[in-house]
Amino acid sequence: MIDVSQWRASIGLWNYCQAASNRPANGHHSHSFKAAVDSKSGSTTSGEKTSKLPAALSFIVSLLLSLLRYMKLNFIPPTGKQTNNI
1 MIDVSQWRAS IGLWNYCQAA SNRPANGHHS HSFKAAVDSK SGSTTSGEKT
51 SKLPAALSFI VSLLLSLLRY MKLNFIPPTG KQTNNI
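Position 45 (the sequence shown) corresponds to 45 in UniProt numbering; numbering is contiguous.
Don't read these hints as lab results, they were simulated from the structure. Please note: incorrect hints may appear among the correct ones.
The following label-pair restraints were derived from C-beta to C-beta distances [what the hints assert, rightly or not]:
hint, residue 1, residue 2, range
1, Lys52, Ile11, 12 to 20 Å
2, Val61, Ser10, 16 to 24 Å
3, Pro54, Ile11, 17 to 25 Å
Ideal placement from N, C-alpha and C gives every residue a C-beta, glycine not left out.
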């Protein structure tokens, strides 16, 4: 099983190799390496924000479902004829 840090390191190495292969013949970049990586794969900060969104949405949905289940079990009386046998 691959660790997340190893996976990110391999992606970073792949991006570095891709940026190096796209270097002009004179060896000078027209822009910085960080800008080249950001233009290819998007910035890291926006990628992290979008990856947290589905987790937050699923957490909110699970909270709402558990609240509805709690309300159904505790506040809605059962249907049918009720008898009071004391």
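Hints versus structure:
no.	hint	result
1	Lys52 x Ile11: 12 to 20 Å	holds, 18 Å
2	Val61 x Ser10: 16 to 24 Å	violated, 33 Å
3	Pro54 x Ile11: 17 to 25 Å	holds, 20 Å
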